[in-house]
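A.B. asks: Listed in order, the protein sequences are those of chains A, B, C and D. Here the first sequence is numbered in our numbering, starting from 4 and rising by one per residue. Here the second sequence is numbered in our numbering, starting from 4 and rising by one per residue. Here the third sequence is numbered in our numbering, starting from 4 and rising by one per residue. Here the fourth sequence is numbered in our numbering, starting from 4 and rising by one per residue.
Source of the hints: derived by calculation from the structure; they are not laboratory data.
One copy or two, it doesn't matter: identical chains are merged, so the pair holds either way.
The list that follows gives simulated cross-link-like pairs (lysine to any residue, SDA-like), each with its CA atoms no further than 20 Å apart:
#: 1; residue 1: Lys48; residue 2: Glu88
#: 2; residue 1: Lys75; residue 2: Gln95
#: 3; residue 1: Lys255; residue 2: Asn5
#: 4; residue 1: Lys255; residue 2: Asn6
#: 5; residue 1: Lys245; residue 2: Pro173
#: 6; residue 1: Lys252; residue 2: Asn6
#: 7; residue 1: Lys255; residue 2: Gly218
#: 8; residue 1: Lys34; residue 2: Ile78
There are 4 protein chains.
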Amino acid sequence: KNNFFLIAGPCVVESAELLEEVAYTVSGICKKLAIPYIFKASYKKANRTSANSFTGIGDEKALGLIQAIGKKYHIPLTTDVHTAEECAIAAQYVDVLQIPAFLCRQTDLLIAAAQTGKVVNVKKGQFLSGESMRFAVEKLRNEGNEKIMLTERGTTFGYHDLVVDFRNIPLMKANDVPAVMDCTHSLQQPNQSGGVTGGNPGMIETIAKCAIAAGADGLFIETHPQPAVAKSDGANMLQLDKLEEMLEKLVKLRSAII
Amino acid sequence: KNNFFLIAGPCVVESAELLEEVAYTVSGICKKLAIPYIFKASYKKANRTSANSFTGIGDEKALGLIQAIGKKYHIPLTTDVHTAEECAIAAQYVDVLQIPAFLCRQTDLLIAAAQTGKVVNVKKGQFLSGESMRFAVEKLRNEGNEKIMLTERGTTFGYHDLVVDFRNIPLMKANDVPAVMDCTHSLQQPNQSGGVTGGNPGMIETIAKCAIAAGADGLFIETHPQPAVAKSDGANMLQLDKLEEMLEKLVKLRSAII
Amino acid sequence: KNNFFLIAGPCVVESAELLEEVAYTVSGICKKLAIPYIFKASYKKANRTSANSFTGIGDEKALGLIQAIGKKYHIPLTTDVHTAEECAIAAQYVDVLQIPAFLCRQTDLLIAAAQTGKVVNVKKGQFLSGESMRFAVEKLRNEGNEKIMLTERGTTFGYHDLVVDFRNIPLMKANDVPAVMDCTHSLQQPNQSGGVTGGNPGMIETIAKCAIAAGADGLFIETHPQPAVAKSDGANMLQLDKLEEMLEKLVKLRSAII
Amino acid sequence: KNNFFLIAGPCVVESAELLEEVAYTVSGICKKLAIPYIFKASYKKANRTSANSFTGIGDEKALGLIQAIGKKYHIPLTTDVHTAEECAIAAQYVDVLQIPAFLCRQTDLLIAAAQTGKVVNVKKGQFLSGESMRFAVEKLRNEGNEKIMLTERGTTFGYHDLVVDFRNIPLMKANDVPAVMDCTHSLQQPNQSGGVTGGNPGMIETIAKCAIAAGADGLFIETHPQPAVAKSDGANMLQLDKLEEMLEKLVKLRSAII
Numbered sequence: 004k005n006n007f008f009l010i011a012g013p014c015v016v017e018s019a020e021l022l023e024e025v026a027y028t029v030s031g032i033c034k035k036l037a038i039p040y041i042f043k044a045s046y047k048k049a050n051r052t053s054a055n056s057f058t059g060i061g062d063e064k065a066l067g068l069i070q071a072i073g074k075k076y077h078i079p080l081t082t083d084v085h086t087a088e089e090c091a092i093a094a095q096y097v098d099v100l101q102i103p104a105f106l107c108r109q110t111d112l113l114i115a116a117a118q119t120g121k122v123v124n125v126k127k128g129q130f131l132s133g134e135s136m137r138f139a140v141e142k143l144r145n146e147g148n149e150k151i152m153l154t155e156r157g158t159t160f161g162y163h164d165l166v167v168d169f170r171n172i173p174l175m176k177a178n179d180v181p182a183v184m185d186c187t188h189s190l191q192q193p194n195q196s197g198g199v200t201g202g203n204p205g206m207i208e209t210i211a212k213c214a215i216a217a218g219a220d221g222l223f224i225e226t227h228p229q230p231a232v233a234k235s236d237g238a239n240m241l242q243l244d245k246l247e248e249m250l251e252k253l254v255k256l257r258s259a260i261i
Numbered sequence: 004k005n006n007f008f009l010i011a012g013p014c015v016v017e018s019a020e021l022l023e024e025v026a027y028t029v030s031g032i033c034k035k036l037a038i039p040y041i042f043k044a045s046y047k048k049a050n051r052t053s054a055n056s057f058t059g060i061g062d063e064k065a066l067g068l069i070q071a072i073g074k075k076y077h078i079p080l081t082t083d084v085h086t087a088e089e090c091a092i093a094a095q096y097v098d099v100l101q102i103p104a105f106l107c108r109q110t111d112l113l114i115a116a117a118q119t120g121k122v123v124n125v126k127k128g129q130f131l132s133g134e135s136m137r138f139a140v141e142k143l144r145n146e147g148n149e150k151i152m153l154t155e156r157g158t159t160f161g162y163h164d165l166v167v168d169f170r171n172i173p174l175m176k177a178n179d180v181p182a183v184m185d186c187t188h189s190l191q192q193p194n195q196s197g198g199v200t201g202g203n204p205g206m207i208e209t210i211a212k213c214a215i216a217a218g219a220d221g222l223f224i225e226t227h228p229q230p231a232v233a234k235s236d237g238a239n240m241l242q243l244d245k246l247e248e249m250l251e252k253l254v255k256l257r258s259a260i261i
Numbered sequence: 004k005n006n007f008f009l010i011a012g013p014c015v016v017e018s019a020e021l022l023e024e025v026a027y028t029v030s031g032i033c034k035k036l037a038i039p040y041i042f043k044a045s046y047k048k049a050n051r052t053s054a055n056s057f058t059g060i061g062d063e064k065a066l067g068l069i070q071a072i073g074k075k076y077h078i079p080l081t082t083d084v085h086t087a088e089e090c091a092i093a094a095q096y097v098d099v100l101q102i103p104a105f106l107c108r109q110t111d112l113l114i115a116a117a118q119t120g121k122v123v124n125v126k127k128g129q130f131l132s133g134e135s136m137r138f139a140v141e142k143l144r145n146e147g148n149e150k151i152m153l154t155e156r157g158t159t160f161g162y163h164d165l166v167v168d169f170r171n172i173p174l175m176k177a178n179d180v181p182a183v184m185d186c187t188h189s190l191q192q193p194n195q196s197g198g199v200t201g202g203n204p205g206m207i208e209t210i211a212k213c214a215i216a217a218g219a220d221g222l223f224i225e226t227h228p229q230p231a232v233a234k235s236d237g238a239n240m241l242q243l244d245k246l247e248e249m250l251e252k253l254v255k256l257r258s259a260i261i
Numbered sequence: 004k005n006n007f008f009l010i011a012g013p014c015v016v017e018s019a020e021l022l023e024e025v026a027y028t029v030s031g032i033c034k035k036l037a038i039p040y041i042f043k044a045s046y047k048k049a050n051r052t053s054a055n056s057f058t059g060i061g062d063e064k065a066l067g068l069i070q071a072i073g074k075k076y077h078i079p080l081t082t083d084v085h086t087a088e089e090c091a092i093a094a095q096y097v098d099v100l101q102i103p104a105f106l107c108r109q110t111d112l113l114i115a116a117a118q119t120g121k122v123v124n125v126k127k128g129q130f131l132s133g134e135s136m137r138f139a140v141e142k143l144r145n146e147g148n149e150k151i152m153l154t155e156r157g158t159t160f161g162y163h164d165l166v167v168d169f170r171n172i173p174l175m176k177a178n179d180v181p182a183v184m185d186c187t188h189s190l191q192q193p194n195q196s197g198g199v200t201g202g203n204p205g206m207i208e209t210i211a212k213c214a215i216a217a218g219a220d221g222l223f224i225e226t227h228p229q230p231a232v233a234k235s236d237g238a239n240m241l242q243l244d245k246l247e248e249m250l251e252k253l254v255k256l257r258s259a260i261i
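Using the sequences plus the hints, can you model the full thing?
C.D. replies: The structure is reproduced here in C-alpha cells:
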C-alpha cells in the first residue's frame with residue numbers, strides 16, 4: 004500500500020538463464036517485503052560509448068525472453084525504446100516503455116510512446132532540471148496518456164562524474180506523477196578514457212536511502228549475479244546477493260516517512 | 004587557403020524568403036572575405052523543449068528549399084538528422100549531415116549517417132568531454148567514412164547555463180578532423196521556466212574569437228534578419244546585419260594564428 | 004543516545020532579544036525531542052557579497068550575548084572564526100569553533116583553531132570534494148586536537164546554484180568524525196545580480212531528510228522568527244515556527260536508520 | 004602601448020637563485036617583445052591542500068628576496084596576502100597586492116589591501132561569477148583605491164577539474180579595470196586523492212591565446228626552470244624555456260585584436 008515500488012533487473016538481456024536467475028531472486032525478495040516489482044532489461048543498447056561494446060542478442064529474441072519472465076512470474080515488465088518505430092514493437096511485449104535520458108527531449112519518440120497507451124517512464128536528461136521535466140509530461144499528456152513516471156538518474160557534474168540533486172524528486176512529483184530514483188546509473192563515471200563508463204556501487208545504498216527520504220515513489224536498480232562479467236554497465240550494477248539486505252533497510256526507512 | 008570556414012544560416016526553414024535573404028547576404032560576405040561557406044538550416048526541429056513550439060513547415064518542402072539555395076548560390080549545404088531513416092532522405096538534398104548534440108551517442112544514427120557517404124558533423128553532447136568524441140569518430144570510421152567534423156556547442160554548467168571549454172578544440176582536433184565552434188547554441192540558457200531556451204547574443208563575438216584563437220577550423224553561427232521574431236532559437240541567433248563586421252575581425256585574428 | 008544533534012540559531016547576532024527568542028524556542032523543542040542542541044550565531048559576518056551589507060553589532064558585545072545564552076540555557080555554543088587571532092578570542096566564549104567554507108583551506112586558521120583545544124567544525128568549501136576534507140582533518144590532528152566535525156554545505160553548480168552531493172556524508176564520516184549537514188546555506192542561490200544571496204527554504208526539509216538518510220550525525224539549520232526582516236541570509240533561513248514539526252519528522256526518520 | 008602585460012614568476016620563493024634565474028630570463032624576453040612585466044612570487048603558501056606541503060622559507064626573508072629582484076631589474080613586483088595584517092607588511096616590499104581566489108570575499112582583507120594604496124589584484128573565486136566581481140571592486144573603491152585588477156583563474160567544474168569561462172573577461176572589464184588571465188592555476192586539477200593538486204601544462208598556450216582573443220589586458224603565468232622539482236604547483240607551471248616562443252605567438256595575436 005504505502006511501500007515504494009522497484010524497477011530492477013540486469014542492464015541488458017544476455018541470456019535466458021540470466022533473466023531467470025535475476026527475476027526468480029528479486030521477485031522472491033519483493034514478495035517477502037511487499038514491494039511491487041517491475042522487471043527491467045534492455046533488449047538492445049543503442050548508445051554505448053564505443054562501437055566495440057555489446058549491443059544485444061537480437062531484438063525480437065530478447066523481447067521474447069523478457070515477455071516470458073512476465074508470464075512466468077506474473078510481474079509487469081519494462082524496457083527502453085530509442086525510436087518512434089520501436090515503441091509499437093516493444094509495446095507488444097512490455098507494460099512500461101522507458102525513454103532513455105539522452106532522448107528525453109525527442110518529441111517524436113515521446114509522442115509515439117504515449118500513443119501506445121502503455122505507461123511511459125521518462126528518464127531526466129543529465130542536462131535537464133527537474134522542473135523542465137514538466138514539458139516532457141505535457142508532451143505525453145497532449146496525446147491523452149496519463150500513465151507517466153519520471154526518473155532521476157543524475158546530472159552532469161564535470162566530465163567524469165554525475166551528481167544526484169534530490170531537490171528533483173519533489174520537483175518532478177509536483178507534476179502529479181510518480182518519481183523514481185535510478186540508483187545505479189546515477190553513480191556512473193562517464194567519459195572514461197578507455198571507452199567504458201565507470202561506476203561506484205559502494206554508494207548505491209546511500210543514494211537509495213536519500214531517494215526514499217526525499218519522497219521517491221519508486222527505485223530503479225540494475226542488478227546482476229556477477230557484475231564483473233556483465234556485458235554492460237558492470238561497473239555500476241548492484242551485486243544480486245546484496246539486494247535483499249538493502250531493501251530491508253529501505254522498507255524500514257520508508258515506513259518512517261511522513 | 005588558411006582561412007576558417009563558416010556554417011551559417013537560420014535555425015529552421017521558416018520560408019523561402021528567409022533562406023534567400025540569409026543565403027544572399029552571407030554568401031556575399033563570405034565571397035568578399037574568402038571564407039568557405041556552408042549554408043545551414045534545420046528542416047525540422049525534433050527536440051523542442053515544449054510541445055507547443057514550432058517544428059517546421061513540412062520535411063520535404065523544407066529540404067527542397069534548402070536544396071534550391073545550394074543550386075542558386077553554388078554553396079554546400081547542411082542540415083541535422085534525428086533518426087537512421089532521416090539520414091538517407093536528407094542525404095539526397097545536402098552535403099553535410101549534422102548529428103544533434105543530444106543524439107551524439109546514438110550508434111544507429113551515426114552508422115546510418117556514415118553510410119550515406121556524406122560528410123558527418125557530430126555535435127558534442129552537453130554531457131560529453133572533448134576526449135570522448137573519439138568514440139564517435141571511431142563509429143563513423145568503422146563504416147569507412149573519413150569525412151568527419153566535430154562541433155563544440157557548450158557543456159552543462161548548472162541547469163540554466165552552458166560553459167564553453169576551449170580545451171575541447173585541440174582535444175577534438177587530435178582525431179585529425181576539423182573542429183567547429185558553434186558560437187550561438189553554446190550561449191543558450193537552458194531550462195528556463197517558460198519552456199523557451201534563453202540566450203546571450205552579446206557574447207557571440209567573444210566565443211568566436213576564442214574559438215579562432217584555440218585553433219578551430221570552422222565556425223557555426225545561426226543568424227536571422229530579425230531574431231526577435233524567429234520561430235526557433237530567437238534568443239541566441241546573431242542579427243544578420245552584425246555578421247560582416249564580426250567576420251572581418253575574425254579573419255584578421257585568424258591570420259595572426261601560428 | 005542514537006539521535007542526531009542540532010546546531011541552530013540565527014545567522015548573525017542582531018540583538019539580545021533575537022538570541023533569547025530563538026534559544027528559548029529551539030532549546031524547548033530539542034528537550035522535548037531528545038535532540039542534543041548547540042546554539043549558533045555569528046558575531047560578525049566577514050564575507051558578505053556587498054560592502055553595504057550588515058556585518059555585526061560589535062564583536063565583543065555579540066560574543067557576550069552568545070555566552071549569556073549558553074549560561075542561561077545550559078547549552079553548548081558555536082560561532083565562526085575568520086583569522087588565527089579570532090580563534091583565541093572566540094574560544095573564550097564558545098565551545099565549538101566553526102571554520103567557514105571559503106576558509107577551509109587556510110592552514111594557519113585551522114592550526115590556530117585546533118590549538119584552542121575547542122571542538123573545531125570545518126565546513127567543506129563549495130569547491131572541495133568530501134574526500135579532500137581528510138586533509139583538513141589531518142591539519143587539525145597534527146595539532147593534537149581530535150575534537151573535529153565536518154559540515155557539508157553544498158557544492159558550486161553553475162554560478163547561481165549549489166547542489167548537495169550526499170555521497171559526501173559517508174565520505175566525510177570515513178575520517179571517524181561526525182558529519183553535519185548544513186540544511187540552509189546549502190540552498191543558497193549565489194551570485195545574484197543584486198548582491199544579496201538568494202535561497203530556497205521550501206527545500207530545507209528535503210535536504211534534512213536526505214541528510215538523515217545518508218547517515219549525517221548532526222544537522223545545521225539557521226532559523227529566525229521573521230526571515231524576511233533578518234539582517235543576513237534572510238532568503239534561506241527556516242522560519243522559527245516551522246522548526247518543531249520538521250524535527251519531529253526527522254527524529255522519526257532517524258529511528259528507522261540502520 | 005597596446006600590448007598585454009605579463010605577471011610571471013615561480014609559484015613560491017624557494018631560493019635567491021631561483022628568483023634570479025626566472026627574473027633574468029623573463030625580463031629579457033619581455034624587454035625584447037615590449038611586454039610590460041610584473042615579477043610574481045609567493046612569500047608563503049597559506050592554503051596548501053596538505054599540512055605536509057612546503058609553505059615557505061620564512062616571510063621576511065622571502066619578501067626581501069622579492070624586493071631585491073625589483074631593484075636589480077627595475078620591474079614592479081607582486082605577491083599574495085592572506086590576512087589584513089599581511090597587507091601592510093607586504094606593501095613595504097611590492098607594488099601589487101594579490102588577493103587569493105579563496106579569499107576574494109573576505110571584506111577585511113580587501114579593505115586592508117585597498118588602504119595600503121598599492122594596486123590590488125583580486126583573483127576571482129572558483130565559486131564566483133565574473134559579474135559578482137563588481138562587489139569586490141566596490142569594496143576596494145569604497146576605500147578610495149582605484150588601482151584595481153581582476154584575475155580569472157577558472158571555475159569549479161566537478162571536483163577534479165576547473166573550466167575557464169572566457170565570458171568572464173569582458174564581464175570583469177566592464178568594471179573599467181584590467182582583466183588578467185591566470186593561465187596556469189586555471190588548469191589545476193584539484194581534489195586529487197594524493198593531496199597534491201594536478202595540472203595540465205600542455206593547455207597553457209590554448210588558454211593564453213583564448214584570453215588574448217577575449218580581450219584580456221594581462222596574462223599571469225607561473226614558470227619554473229624545472230617544474231618537476233618545484234616545491235609548489237609543479238604540475239601546472241610552464242617550463243621556463245618554453246615561455247619565449249609562446250609569448251611571441253601571443254604578441255602577434257594581440258596585434259590582430261580589434
